[in-house]
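Trainee: Chains as they are written, first to last, in our numbering: chain X, 1 to 486; chain A, 1001 to 1218; chain P, 2001 to 2313.
Heads up, a few of these hints could be off.
If the Cβ cut is set under 7 angstroms, some of the chain X residues that face chain A in the computed set are [what the hints assert, rightly or not]:
id : residue
1  : G128
2  : I132
3  : W158
4  : I162
5  : T165
6  : I166
7  : S169
8  : L172
9  : F173
10 : V176
11 : A180
12 : M192
13 : G207
Distance windows between CB atoms, simulated [said to hold, decoys possible]:
id : chain 1 : residue 1 : chain 2 : residue 2 : range
14 : A       : V1062     : X       : V15       : 29 to 35 angstroms
15 : A       : E1004     : P       : L2054     : 54 to 60 angstroms
16 : X       : V485      : P       : P2139     : 54 to 60 angstroms
Partner residues aside, some chain A positions facing chain P, computed with beta carbon under 7 angstroms [what the hints assert, rightly or not]:
id : residue
17 : D1012
18 : L1018
19 : I1022
20 : A1099
Rather than coming from a laboratory, the hints here were simulated on the basis of the structure. Just so it is clear, the structure is predicted and the values come from calculations on it, not from any experiment. Heads up, the beta-carbon is just placed ideally off N, CA and C, and yes, glycines get one too.
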Amino acid sequence: MADTLLWVLPLVPTVTALAMLMTRRRRILSLLDVGGSAVLAALTLVLAREIAADGPRSLGVLRLDELGLVFLLLLAVLNLAVSVYTVGWLRQAVAVGNMKARSLRSYFVLVHAFVATMVVTILADNLGILWIAMEGTTITSAVLIGYHGHRHGLEAAWKYIIVTTIGISFGLFGTVLIYAAAADVMGGAGAMSWTAIMQVAPQLDPGIVRIGFVFVIVGYGTKAGLAPMHLWLPDAHSQAPTPVSALLSGVLIKCALLAIIRFQTIAAAACGPAFAQQVLLVFGLISVVVATPFILAQRDIKRLLGYHSVEHVGIVALGLGFGGAIGTYGALLHVVNHGVTKALAFFAAGTAIARYGSRDMRAIRGLAAVAPIGATLLMLAALSLAGVPPFSIFVSELMVLRAGIGHSHWVAIAIFLVMVVVIFAGLLHHAGAMVFGEPRGAGRRPEDWSPLAGMVLLATIMLLFGLTIPANFDAVLRRAVEIVVG
Amino acid sequence: MNVETVQAIIDDLGALLLFTMILIVAASQISRAIYAVAAQSLFIAIAGAVLATATGNMDLWVIAGVTLVVKAMVLPWVLHLVVRRMNVRREVEPVIPIAATLVLALMVVVMSFHLSASLGTVRQAITGNALPVGIALTLTGVLVMATRKTALTQMVGLFASENGIFFTAMAVTQGMPLIIEIGVILDVILAALVMTIMVLRVRSTVDADIADLDRLKG
Amino acid sequence: MTGERPFELVLLELVLLVLLGPLVTGIIQKLKARLQCRQGAGILQPYRDLAKLLRKGTVQADTASGFFHSIPVLVLAATVAAGALVPVLRAGAPAFALGDALMLLGLLALARFLTAVGAFDAGGAFGGMGASREMTIAPLVEPVLMMVVFSTAIAAGTTELGALAAHRGTSWIFAWRAADFLGFAAMLVLLPAETGRIPVDNPDTHLELTMLHEGMLLEHSGPGLGCMLLASHTRQIVTLALVATLFFPIAADGALAVDLLLGAGAFAAKILVLAIFLALVESSYAKLRLFRVPQYLGIGFVCAFTALALRIL
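Next comes chain X alone, as it looks inside the complex (with noise of 0.2 angstroms):
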C-alpha cells in the first residue's frame, strides 16, 4: 500500500491541476486548491507514518527514504498553508488589479504543476529521472515569476531561466560523468539509480567523481541558490506573486539541496568525505559573506528576503561541509526551519505590501496600529529569521556553530558569528521600523482570516520546533543523518 501510494502522491497535484482547467471561478478554483493540498498533506502524513515504522520503500524509479521524507513533509506543510493563505490574498490581489481574474485557471494549474514536479524531485531514485524533474520546476516556476506581465518581472523571469538552465545543463554533466563512472563498474543496467550507485560506489573512479561532483555543485547549486551563481534569487523570488515566492524559497531551493546532497553521499563512498565537505564548505562561506552587505543596503522587503534566502541556503551548506552527525542533523533541520520562517515571512510581507501598496521598506510604517496580528507575526518571522531563541532557526543554527567547532573549522566559524550578528542588527533594525511608529498610508481594513490562518499555522510550527522537537520527527532526521554520513 505505501508502495502504490510514491505513484499516487505525485499524481495528486496533476489531477488537481487537471481538475482546475475546468472552471474559472475563483471560488472553486481555491477551493480545489485547499482541498489538493490537503489531500497531499494527509497521504505524506500517511507514507511518513509508514516509512518510520519500516524503513524506505520504492517502487520503480520513485523511491522514498528518510532524507526524502523530511523534505516532503516540508513540501506538504508549505503546499498547504500556501493553499491557504492564497485564498485571501487572491481576493485582495484580484480587487487590486495585480492578478487578472480571467488567467487565474492558468495560475493555480501552473502552481499545481510546480508542485507536482517537486513532488517527483524529491522521490527521484533515478539521477535522470530528478533531473528531467528538475528542468520541469524551472519551467513552471519561470512562467509563475513573470506572471504579474510587468516589465520586472519579465526581466527576473528571464534572468531566472537562463541562469537556471545553465546551471542545470552543468548538473546533467555531472550527472552523465558520474553515470559514466558507475556504468564503467556496473556494466550500464541501472547505472542511473542512486540506490544502484551507492552499493558499488566505494569501486568509483575517484577523479571521475570529483570532476562530476564539482559540476554538480556548481550546477544543482545555482538552483538551490549558493552563491556566486545566486544572482537570479533576489530578483526571482522578489518579482514573483507571493505565495509563489514562499514556495520557491521554502521549497524549491531545498529540493536543490537535496539533490547536492544525494551526489555528496555518492562523492563521499567514492572520494573519502573531506573533498565532498571542502567544497560545500568554499561554496557555503562564500554565500553567507556575499549575502551580508546586500542584506543590509536592502530597500525592496522581498529582495531582503531573497537574499536571506541565499544566507541560508550557504548555512545548510556549511552544516552539511562541516559534517559530521551533528553537522548534517543540523542542516537538515535548518532545511525545515528556514523552509518554514521563510514562507511565514513572505506571507506577513506580502499582507503588508498588500496593505500599504508598496514594496519598499521605507514606506511601511506603522503596521502594529493597523494590523496587530499581522504586525506581531511580522516580527515573530523576522526574529526567527535573525536567529533569536526560542525560534527553530536558533537551535539549527546553533547546532551547525557547535559541529563547526567539533571539527575546529574556527576562520569558518569566526566568520559565519561575524556575519550572523550583523544580519541580525540590520533584520531587526527593518523589522522595528516597519513595526513601530506612526501609521503612514496604510489601507485600514480589517485583517484578513485565511492569510492569518496560514501564517499562524506556520508560526506554531516554527515556535514548536524552537522549543522541542517532537520524537517522531527527530528519529526521522536521525536515520536521515545516518543516510547521509554513512
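We have chain X already, so just place chains A and P on it with the hints.
Mentor: Below, chains A and P alone, put in the same frame as chain X:
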C-alpha cells in the same frame, strides 16, 4: 567497425564541433551563430548515428534522429523566424571584445583537454575525445551566454552547451538510457519555447530586447 | 614516395613554380570575372603585363635612396628561394640540405619586410600607410602559419617539407586526424591574408583606403614593378603549394617521366582547387574593415592553437 575507427571518427567529429564552437564565439551576426549551432547539432546527430552502428544500440538511432530533426532543423528555424519577423537587432552585442572572448574560449579548450588528460583509466568509459570536447563545448556555451547581450545569442549559447553534454552522454560506452535522453530533449524544447515566448512578449510590450532589461540591481 | 629528390628535380620544380605563378593569378581573375558575369581578361594576361613592364623605363622618387633600386630584386630572390623548399612533383627530402618549413616562412617574412621597407623608403603617404597596415596584419598571420606547420610536423617528426609529405603518404584522407581538420580550417582562414585577397585586402583596386599590398607597390615602376608582381605571383603559388604539401600530399613514386607527369598533374589539380576556393571566397564576401581583420584572423589563430593543443594533449 572496429574500436579504433570509431574512436577516430569521434575524434574528427569532435574537432568539427570545436570548429563550429569557434564560429559561434566569433560570430558577429546572430544569423551566423544560428547557422553554426545548427551545423553543430547536425554533427552531433552524425556522431549518434556512427555510435549507433558501432555499438548496435538502437536507442542511439532514435536519439540521433530526434537531435537532427529538433535541434538541427526545428529550433534554428524558429530562431530564424524570430530574427526575421520580429525586427530583433541582428548584431551580436558583446560585453567584452570578441577577440577577448576568443582567447577565453581558447583557454577553456586547453584547460578541458588538460583536465581530462589527468583522469585515469576510467577515461575509456567515454569513447575518444568526447569528454574534453564535451567539457569545452559546455563551458564555451556558458561563456557565450555570459558575454553577449542579445537574448537570441544567449539561447544559442544554451543550445551549444546542451550539445556538448549530449556529445559526452552519447559517447559513454555503455550508452545512456533512452528515457533520459528523450526527457532531456523534451526539456530543452520546452525551455526554448518558453524563452522564445518571453522574448516575443517583451518585444511586443516593451519594445526592447529582453536581455537588455537591467533595472533590477543591488 | 620516398627517395630523395636530386638537384635537377629541385631546379625543375623551382622553374615550374615561378613560371606557373602568374597563370594561377590569371585563372583566379578569369574565374572572378565569370562569376561577376563579365568576360574578363584572358588567363595569360599576367604574362603580358609582366612582359610590358619589362620593356618600360623606371621612374623613381627623389626621396628614395639607392637601396630602393635593389628592393625588387631582393624580394624576388627571397620569394623564389622560398619556392625551392616546397616539393611539387614528388615527395621526399632533397638530396642536399636546403631548408625546412621554418626557413620558408622566414623567407616569405623577409620578402614582406623588404617590401615594407621599400615602401617606407620612397617617402610617399600611400606607401607608408600600406606598409604599416601590412605590418599590422603580419604578426597575426605568421605565428598562425607556424602553429599549423608545427601541428602537422609533430606527427611526422620533421619540419622538412619533403620528408613531411613523404611521411603522409598517398592515403591522406584516412590519415587526417582531428587536429588536421582544425589546422586545415586555420589555413583556409589564412589564405586570403597571405595572398592579399578579399576579405583581407582587395587586389583589384588602387584606392588608398583598400590598399595593403597595392600601397606598397605604388612607388615601383618598370622592371622593378615587374619583379615585385612576379614575386607576389610566386608568393601566392608557394603558399598554395604549402597548403597542398601539409594537407594533401598525393604524389607519385619512382623517377620515371610518367611518374613525374602524374605528380605534375596531381599538383596542378590541387592548386586549381585551392585557386577556385580563393576565387569563390573573393566573389562571395566583402572586404573587412581593417580593425575587423584581427577578429577574422583570430578565428584562424584559435583553430591553429586548438589543432596544436589536440596534438600535444
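Trainee: Compare the structure with each hint and give your call.
Mentor: Checked hints:
1. G128: The hint holds - G128(X) has a Cβ within 7 angstroms of chain A, the shortest such distance being about 3 angstroms.
2. I132: Hint on I132(X): holds, closest Cβ of chain A at ~4 angstroms, below 7 angstroms.
3. W158: holds, 5 angstroms
4. I162: holds, 6 angstroms
5. T165: holds, 5 angstroms
6. I166: holds, 6 angstroms
7. S169: Since the shortest Cβ distance to chain A is 5 angstroms, the answer is holds.
8. L172: With a minimum Cβ separation of about 5 angstroms from chain A (threshold 7 angstroms), the hint on L172(X) holds.
9. F173: Hint holds; F173(X) Cβ to chain A Cβ min 5 angstroms, cut 7 angstroms.
10. V176: holds, 5 angstroms
11. A180: It holds, given that the least Cβ distance between A180(X) and chain A is near 4 angstroms, below 7 angstroms.
12. M192: Holds - the Cβ of M192(X) comes within 7 angstroms of chain A, reaching about 6 angstroms at its closest.
13. G207: holds, 5 angstroms
14. V1062(A) / V15(X): 29 to 35 angstroms: holds, 31 angstroms
15. E1004(A) / L2054(P): 54 to 60 angstroms: holds, 57 angstroms
16. V485(X) / P2139(P): 54 to 60 angstroms: Because 59 angstroms falls inside the window, the suggested range holds.
17. D1012: Where the cut-off is 7 angstroms and the nearest Cβ of chain P is about 5 angstroms from D1012(A), the hint holds.
18. L1018: Status holds, d = 6 angstroms.
19. I1022: Cβ of I1022(A) sits 5 angstroms from chain P, so the hint holds.
20. A1099: Nearest chain P Cβ about 5 angstroms off; hint holds.
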